[in-house]
Amino acid sequence: MKILVCITHVPDTTSKITFTNDNTELDKGGLQFVIGPYDDYALARAVEIKEQLGGTVTALNVGQQETEPTIRKALAIGADDAIRIDAEPTDAYFVAQQIAEVAKAENYDLIMMGRESSDYNGGQVHGMVGEMLGIPSLSPVMKLDIDKGVAKMAREIEGGKEYLEASLPLVLGCQEPIAEWKIPNMRGIMGARKKPLKVITPTNNDTLTTPESYELPAPRTDVKLIDADNTAELVSLLKNEAKVI
Amino acid sequence: MTQTLTEAEIKKSTKQDLFESPDFYGIDDLLTEEHILIRNSVRDFVKKEISPIIEDCAERNIFPEYLVPEFGKLGLLGPTVSTDYNPNGGLDYISYGLMMQEIERGDSGMRSTVSVQGSLVMFPIYTFGSEEQKKKYLPKLASGEYLGCFGLTEPNHGSNPSGMESRLEDKGDHYVLNGAKMWITNSPKADIAVVWAKNDEGRILGVIVERGMEGFSAPTIHDKWSLRASVTGELVFNDVKIPKENVLPGVSGLKGPLNCLDSARYGISWGAIGVAMDCYDTARRYALERKQFGKPIAGFQLIQKKLAEMLTEITKAQLISWRLGVLKNEGKATTAQISLAKRNNIEIAMNTAREARQILGGMGITQEYSIMRHMMNLESVVTYEGTHDIHLLILGHEITGIQAFR
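First to last, the protein sequences are chains A and B. Note that the numbering used here numbers the first sequence so that position 145 is 145, with each residue one more than the last. Note that the numbering used here numbers the second sequence so that position 54 is 54, with each residue one more than the last.
The following block holds chain B by itself, in its conformation from the complex (with noise of 0.2 Å):
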């Protein structure tokens, strides 16, 4: 089961993480000074708390919990929020993937833990909440003193939201709320859960539910063998009375939560980048050190071929992700341009994670090397948030205008 334990009692690796990001087409030169001190900023923070714990955090699946108030305190939670309500935030999205990115990079449970707080959770208080939604819970959102998590996917219902099964029957002075939800990332810690429910008529509807709400649980999810430094869970409501105040009151229907998960989903694509970035400059290191044959294996053209794709992968990857950052800063990213870039990025991590690990040989399935930790957590990545062959067929839905998916 999923463990939280203190800082001192977690295995800290005195391998000193050397990553380096390739940048073979110059982006650097499409970003401003801030870009760049955010980036290397939050390389710097990962390189401190994170890649130290990493592997034993994910042997022992253990949820570093005391590092979300260091999230908060850096700036990683709801960095797109405004001012008013995150003294961290009014970053633009840029600078949000290149935060998910170096994450990411990290550990994908990791970077799990902060965008569903930041697009999930903050996003859509932010967006669709009332002013005393927004100040009674994005200041603790931002801080970290709250964990919060996203109620949508359902036991019955992944990639088909709409059939969901949990409902919100009006009360007069209240709600009432019952169905479960499933697969629920930061569950079994959150202090407040955003939920989609059907009312009497059929519209979904989102509501803030508090942790310690009668006849509200969060059982956590056991024995994953994917993203195991960050908790797993489902959320289940049995007649929870919900006050009508905490209903979000600017939006209803599937658009609410579809709104989230582009958010959450362009930052995921850049997430994408880190790990193949991870898993590249791992193989290049050790391929440049690793002799045989009297030469290092970077001398064969067959580990030249890998890392030339790896790398060309990677390049492509980063402008599709820096040209759509461009459009969700201008409000014009399409849930199908994020469709593909999460797609494209997630798929060429995997490829570049499956490459780097044959480069490696043996090495490269034991923990002294983040390899094959990146490849089961990118398991999890290319199914949620929509899978694979989800967003594969958002694209056909794009280029034929014929639903493909129902």
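Isolated chain A, as found in the complex (with noise of 0.2 Å):
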């Protein structure tokens, strides 16, 4: 089993974010980023797969070199090698064009990644990879198992849960419970540097898209408690205050 993970480096999802450049750009000061949580379950699973079938696992990070510890920490966990495109990740087909041209080059059985990053949190990039090697591609894989050569998976969807089986090789958008987090031991920590990171150059700098601006969301207001017996009030600041109604 030769399995590809891709993993984002993504701010701690506790960070408190904030943008500069009239609102264009993140401000990465006093940012603690981490491998994105999606990611981090597909990485779980596909570390598991291999202890159990055999095989390798490599990580994959379209990233520069501020990266490498996000990259190292996959190392540790138990990603036997890892990729790093040295490249600022600038839109979802860019990163899918970087990955496809690696995975074209390895045929690896299983691409799997999160069902989006917890950063831009577009949800593309598996679906274009696929595309691009012309092979399918899933996603919210929720549960993950392999069995000669076919993958078993149940799905999120609206309401319910998919099960489906599908034949290698395929790419995955992963999410929870397909694994629980790893944190690696020390044993994998001390290993990580003694594994090949190799970096290379982008193959193609096609970015389709440009954001214009961020906002963030309003600040959480306080609640208001009203009385069970003033529905009146409740009401009237429903239509006049929320405005939904």
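Don't read these hints as lab results, they were simulated from the structure. One should not assume that every hint holds.
[As the list claims (entries may be wrong)] Computed list of lysine-lysine pairs in DSS-like fashion (alpha-carbon distance at most 30 Å, straight line):
(1) K12(B) - K161(A)
(2) K194(A) - K140(B)
(3) K143(A) - K11(B)
(4) K316(B) - K16(A)
(5) K241(B) - K194(A)
(6) K2(A) - K152(A)
(7) K143(A) - K47(B)
(8) K48(B) - K194(A)
(9) K28(A) - K316(B)
(10) K295(B) - K243(A)
(11) K291(B) - K224(A)
(12) K48(B) - K189(B)
(13) K16(A) - K255(B)
(14) K140(B) - K195(A)
(15) K15(B) - K16(A)
[As the list claims (entries may be wrong)] Partial selection, computed: residues in chain B whose CB lies under 10 Å from chain A:
(16) L18
(17) E34
(18) N40
(19) S41
(20) V42
(21) K73
(22) G75
(23) L76
(24) D84
(25) N88
(26) G90
[Unchecked claim] Over the 12 Å line for every Cβ pair with chain A, so calculated as not near, a few chain B residues:
(27) N86
(28) Q133
(29) V176
(30) R357
All C-beta atoms in this analysis are idealised placements derived from N, C-alpha and C, irrespective of residue type, glycine included.
Assembling the complex is the task here: the two chains are given apart, and the hints tell you how they should meet.
Spelled out as structure tokens, the structure:
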């Protein structure tokens, strides 16, 4: 089993987000970065499948040198080697092209990643990679077992779950509870530096989107408690203040 | 009494542990990429495994024994022992310190369990043991299959260990051990004990005593108001036959146990920073959320004074322990330097906990927050492994050359 796990390098989910450059860029100052939480589930399941069936797990990240500690964590968790494509991940199309370019040469049985990154949350890369490679892609996959070259999966769908099977190779966008996040042990951490991390240059610089600006959601306001008998006030607030009725 | 329940019998809190550590002087820049990953991994482990259960364990006096093999799996037990005996070993003293900081941030009792195993059981076997002893015990202690304890303190000899009464009588092909040890972390659950006792010539020797040896028992000390999630007991030796191969061959005299204590005290100096950070982080969050007179209490000068002083003391403590870690790595850290760090950092942790509790007002005394548990734990931490006053006198001796503790 030859598995590629694509990981993103994203701000920790509890980070306070601010923007610079006229609200067109994320302000990275003071932020802690982690493996994208959905990617982390994909990685955990990939390592489990490798332990069960043998094979290799390669971690891939499109990012500049600052992402290497995040990649080392993937190696500490259990990836055998890693690839960093040395470029800023400008948009989903750009990232998908880089992944597809690597994958074309390597014939992976499985290409796994999170259902979406937790920074820009596009959720498009897995679909594009599948299309570029001409193989099926599925998302969001919440359960995965491999049995004699066939992937048995559960996928979250509107109001329920879909159980399906598909032959390899596949591209999968993953989410919990496909596996539990793994915390690397000391042996893994100390061994990570000895594992190969190959840096390659991007092959194509097409970027199809440019952000115009970002804005933060409105801050959470205080909860208003209204007496159960006072429905008139509730209706008035919903109508005039919240403007939802 | 201390209970040992299964994981399923412990009540899990659903409150999310949002802890973030302050790093006002950019200490992270002094650390390697591995150090940071080790620190973050232990923090993740504490948030996942310790924080949800610790209030129930402390309240009901439960030792979560099932976590010991989990500590082993992550590599928290004896990390400075070489990889020949511990697959997770070979780490430096900064790594060890960061681990202690993070575990104690969760709970001092859990840190006690781990640091006794690493610094007081594995360290002496690794440093003073025979090859056979190392092979026999270290891998099982590293994995958490075995739990160990350390017997130095006696009912009548705390600050004065050299006055110990425990005796090892030479019977030719074996020794006979008699005596009692007191305030022993892990003892009621321990598979082995590293015990210090005097031989016929009055020299202190270290021996490995195994659970089940005839005449050896380890009763629990009940009703503690501190370290309630760890188990504490006695060690009682009544004509216990000790094979000669269980004596640690590499050391005799008080320097044996004192060497172990240097290693453990070093770790405690980091652990105390963890407690201070947790109390500071709790107080800072609370002060920003809690409103009085129409604004967050964080906007009042007296609250800001408390928070600013906490951060100042935490930053100083971080620098002390980091520098001490560098000296430890170079083999240069002295006992007196370690005394300064242990004494200072626990004192600032106690002060931080007390100030933080005041910021939280009435909420600070509830189990909803970790502060009171930390405060109670620190009363043990400031007492064991050399009391606050003894460390002061070690420094006094260092400065003047005159011993004032006897």
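Comparing the hints with the structure gives:
Of the pairs offered as hints, the one joining K12(B) and K161(A) holds, with about 29 Å between alpha carbons and a cut-off of 30 Å not exceeded. Proximity of K194(A) to K140(B) is assessed by CA-CA distance (about 27 Å); at most 30 Å being required, the pair is judged to hold. About 29 Å separates the Cα atoms of K143(A) and K11(B), which keeps this hinted pair within 30 Å; it holds. With a C-alpha separation of about 27 Å, the suggested pairing of K316(B) with K16(A) holds against the 30 Å cut-off.
For the hint linking K241(B) to K194(A), the alpha-carbon distance of about 48 Å lies beyond 30 Å, and the restraint is violated. Restraint check: the Cα-Cα separation between K2(A) and K152(A) comes to about 17 Å, which is no more than 30 Å; the hinted pair holds. This hinted pair checks out: K143(A) and K47(B) have alpha carbons roughly 25 Å apart, not beyond 30 Å. Proposed proximity of K48(B) and K194(A) is supported: the alpha carbons are some 28 Å apart, at most 30 Å.
Only pairs whose Cα atoms come within 30 Å are accepted, and K28(A) paired with K316(B) is accepted, the gap being roughly 27 Å. Taken as a hint, the K295(B) and K243(A) pair is honoured in the structure, with Cα atoms around 28 Å apart against an allowance of 30 Å. Under the criterion of a C-alpha separation no larger than 30 Å, the hint pairing K291(B) with K224(A) is consistent with the structure, at around 16 Å. With a C-alpha separation of about 24 Å, the suggested pairing of K48(B) with K189(B) holds against the 30 Å cut-off.
The straight-line distance between the Cα atoms of K16(A) and K255(B) is roughly 51 Å, outside the 30 Å bound, and the hint therefore fails. The straight-line distance between the Cα atoms of K140(B) and K195(A) is roughly 28 Å, inside the 30 Å bound, and the hint therefore holds. Restraint check for K15(B) and K16(A): satisfied, since their Cα atoms lie roughly 20 Å apart, inside the 30 Å limit. At its closest, the beta carbon of L18(B) sits 6 Å from a beta carbon of chain A; the interface hint therefore holds under the 10 Å criterion.
A hinted interface residue such as E34(B) counts as satisfied when its beta carbon comes closer than 10 Å to some beta carbon of chain A; here the least separation is about 6 Å, so the hint holds. Taking 10 Å as the C-beta contact cut-off toward chain A, the hint placing N40(B) at the interface holds, the least distance being around 8 Å. Residue-level restraint check for S41(B) holds (minimum Cβ-Cβ distance to chain A is 5 Å; threshold 10 Å). Interface restraint check: V42(B) against chain A, minimum CB-CB distance 8 Å, threshold 10 Å, status holds.
Contact between K73(B) and chain A, as hinted, is supported at the beta carbon level, the nearest pair being about 6 Å apart and thus within 10 Å. Because the closest C-beta pair between G75(B) and chain A is about 3 Å apart, less than 10 Å, the hint holds. Interface restraint check for L76(B): the shortest CB-CB distance to chain A comes to about 8 Å, inside 10 Å, so the restraint holds. The interface hint given for D84(B) is violated, since its Cβ lies 13 Å from the closest Cβ of chain A, which is over the 10 Å cut-off.
At a threshold of 10 Å, the smallest CB-CB gap from N88(B) to chain A is about 4 Å, leaving the interface hint in force. Residue-level restraint check for G90(B) holds (minimum Cβ-Cβ distance to chain A is 6 Å; threshold 10 Å). Look at N86(B): its CB is around 9 Å from the nearest CB on chain A, not clear of 12 Å, so calling it non-interface is violated. Under the 12 Å C-beta cut-off, the non-interface status given to Q133(B) relative to chain A holds; the minimum distance is some 23 Å.
The Cβ of V176(B) lies farther than 12 Å from every Cβ of chain A, with a closest approach of about 40 Å, so its non-interface assignment holds. Taking the minimum C-beta to C-beta distance to chain A, about 24 Å, the non-interface status of R357(B) holds against the 12 Å cut.
When each numbered hint is compared with the structure, violations occur for hints 5, 13, 24, 27.
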